[in-house]
Amino acid sequence: MRLLLAALLSVILATGCTHIPTAGPVEEVPVSAEPRGIDIAPQPPVAGMLPSRLVDGFLQAMASPEGDYSIARQYLTEDAAQRWEPTDAVVFDGLVVGGPATATLDATQLGTIDEHGRYSSEPGDLEHDFGVVSQGGEWRIDSPLPSLMVSRYIFERYYERVPLYFMSRSGTHVVPDPIHLPEMLVTPTAVVEALLNGPSEAVDQAVTDAMPSGISLADEGATIEQSGVVTVNLEGLFDRLGDDARRRLGAQLLWSLTAIPRVTGLVVTSDGVPFTLPGARADGALELASQQGYQILSRAATVDLFGIREGTPGRVTGDSRFEPWGSTVADAADLAVSLDGDTAALIDATRSTLLMGSLRGEFGEVAVPVTNLRSPQFVLGTLWLMGDDTEGVPRLLTVDRMGSVTEVKLSLPVGRELEDFAVSPAQARAALLLSGEGGRTMGIATVVPVGEVEVVDWRALPMMAASGDMVGDVIALAWHAETSIAVAGSAGGVRSVFAVEVDGSLVEELGPFTGAVEELTAMARLGGGSIALRTDVGVTWRYEARTRWTRLAEGITAIAYAS
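Numbered by the numbering used here, the letters in the sequence shown go through residues 1 to 563 in order.
Derived from the structure by calculation, the hints contain no laboratory data.
Note that beta-carbon positions come from the ideal geometry of N, C-alpha and C, so glycine has one too.
There's no promise every hint is true.
[What the hints assert, rightly or not] In silico DMTMM-like pairs for lysine to aspartate or glutamate, Cα to Cα no more than 20 Å straight-line:
1. Lys409 - Asp209
2. Lys409 - Glu419
3. Lys409 - Glu391
4. Lys409 - Glu454
5. Lys409 - Glu452
6. Lys409 - Asp388
7. Lys409 - Asp389
8. Lys409 - Asp469
[Said to hold, decoys possible] DEER-style ranges, computed between Cβ atoms:
9. Gly527 - Asn197: 23 to 31 Å
10. Glu323 - Arg240: 51 to 59 Å
11. Gln135 - Ala245: 53 to 61 Å
12. Asp129 - Asp400: 53 to 61 Å
Can you build the whole structure from these sequences, using the hints too?
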């Protein structure tokens with residue numbers, strides 16, 4: 001691997017006007033404990049390097065944070081090396097252009113990574129003159145950006161998305177809050193330190209932090225044994241912490257540590273003394289297998305795709321087969337099914353009547369104060385749906401299994417109106433499609449589940465495809481992973497479906513299909529689940545990573561995976 005990367009670097013440095021690579025081979029390597037990931041061997045500058053080659057080497061050297069980017073600093077003047085103290089990063093895609101005594105970057109900024117590893121999608125132009133000067137007879141960089149400069153190539157291959165987990169307000173499940181770290185820095189110690197920074201603003205109002213205030217990581221840090229059990233050595237942990245608080249602490253720590261695939265269990269010490277976690281084994285280790293109940297996506301009971309054909313609800317089984325439920329409802333227009341497969345909701349053909357019941361039983365009408373009912377979906381066993389009030393204004397409602405209806409308080413930007421929505425599996429975020437001046441815009445908001453449910457702090461999510469085109473004209477959306485959304489939209493004038501990370505750090509086109517999308521649904525899973533779409537001519541397609549798009553059935557007028 002070391003020789004491969006050295007050879008790759010020598011090829012990159014061989015041109016005067018070069019393009020930062022955005023494609024290349026991915027190698028699978030064994031996962032170690034600390035550090036883990038790909039062994040990168042950045043090369044120091046060599047004698048006689050031209051300015052453009054020098055800057056290319058500097059940018060490639062940023063792939064390795066080893067020794068506080070010691071190799072990268074060798075490309076800088078002595079003064080610049082001393083003052084360069086990057087705490088954040090800029091992710092870009094572009095060209096290094098060199099002259100006889102100059103080197104500049106002509107690029108597109110994709111996003112930024114803050115000091116805590118949180119990514120923000122912030123597309124824009126990026127131009128920078130590196131201020132190349134002669135020092136000791138060799139060219140050196142005197143004006144680096146204050147931030148790390150991470151090319152798309154390096155970000156996609158040598159950075160890892162690390163889902164930190166915090167507890168839901170109810171204390172029943174964990175909520176993901178992703179950060180991004182250089183792969184070789186993804187260690188147990190780094191994960192626990194990141195947890196101690198607390199949740200991001202994006203989920204702060206939706207979660208509680210099970211890490212008690214005032215605690216810190218001891219000098220021993222967090223270590224992992226060959227068996228996969230991590231020992232987290234904390235200081236200041238209150239010994240009188242109750243069992244419920246200890247359970248939440250264990251779940252939050254252990255699920256966050258699953259960013260390291262080898263992790264199987266957790267031991268916690270406080271000031272050098274073993275700290276008991278309820279449910280732990282006799283040796284004090286809390287097993288990951290015992291914590292599955294805290295992960296929402298482990299509760300799924302069905303993988304079926306449900307649909308409606310000629311007003312009748314049923315299962316879409318492929319090969320144009322459709323199995324009706326046997327329900328007495330025969331004029332349904334839309335449907336939703338709960339994650340456990342027990343409860344279903346149906347909207348009638350007039351879109352003014354809501355019916356709820358069991359897949360194996362009768363359905364009853366639920367009175368709702370809106371009409372034009374649409375976008376039904378279950379979240380944590382509660383039905384969410386849209387409808388219009390008497391003035392035609394879209395409203396968002398929840399309906400529990402007892403039939404109690406509550407309006408969700410929406411805080412939207414002035415001049416914007418709700419067009420469509422999808423709530424995350426952990427009910428911490430909502431992807432909202434808003435209409436207004438300038439057309440439709442998709443963004444992410446926070447779901448505040450305390451008291452009266454609120455959806456607040458909507459922020460537009462810029463989505464840049466790998467082609468460099470912005471994804472727009474979004475018409476449908478659905479969560480297909482705990483932090484990823486399937487989006488039907490357009491990029492470069494071509495309509496397609498994209499998988500978009502909640503922070504915009506990854507926008508992946510899922511490939512072509514035939515027809516215009518009218519509806520999108522997804523089966524949310526930890527690594528990304530199946531996605532299904534319905535076209536304007538009633539043809540249903542299903543996407544899976546292995547088979548891509550597969551034609552399932554015709555004559556379908558609504559589709560839904562359990563949620």
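Evaluation of the provided hints:
Taking the CA atoms of Lys409 and Asp209, the gap is near 24 Å; set against the 20 Å cutoff, the hint is violated. Among the hinted pairs, Lys409 with Glu419 is consistent with the structure: their alpha-carbon atoms are about 15 Å apart, no more than 20 Å. Simply put, Lys409 and Glu391 have alpha-carbon atoms about 17 Å apart, close enough for the 20 Å limit, and the pair holds. For the proposed pair Lys409 and Glu454, the alpha carbon gap of about 5 Å is at most 20 Å, so the pair holds.
Of the pairs offered as hints, the one joining Lys409 and Glu452 holds, with about 7 Å between alpha carbons and a cut-off of 20 Å not exceeded. Taking the CA atoms of Lys409 and Asp388, the gap is near 14 Å; set against the 20 Å cutoff, the hint holds. For a cut-off of 20 Å, the pair hint linking Lys409 to Asp389 stands: about 14 Å separates their Cα positions. At roughly 34 Å between alpha-carbon atoms, Lys409 and Asp469 are farther apart than 20 Å, so this suggested pair is violated.
Between Gly527 and Asn197, the C-beta spacing of about 26 Å keeps the proposed range 23 to 31 Å intact. The given range of 51 to 59 Å is respected by Glu323 and Arg240, whose C-beta atoms sit roughly 56 Å from each other. Checked against the hint of 53 to 61 Å, the pair Gln135 and Ala245 passes, with Cβ atoms roughly 57 Å apart. Between Asp129 and Asp400 the beta carbons are some 60 Å apart, a value that agrees with the proposed interval 53 to 61 Å.
In summary, the structure is inconsistent with hints 1 and 8 from the numbered list given earlier, while agreeing with the others.
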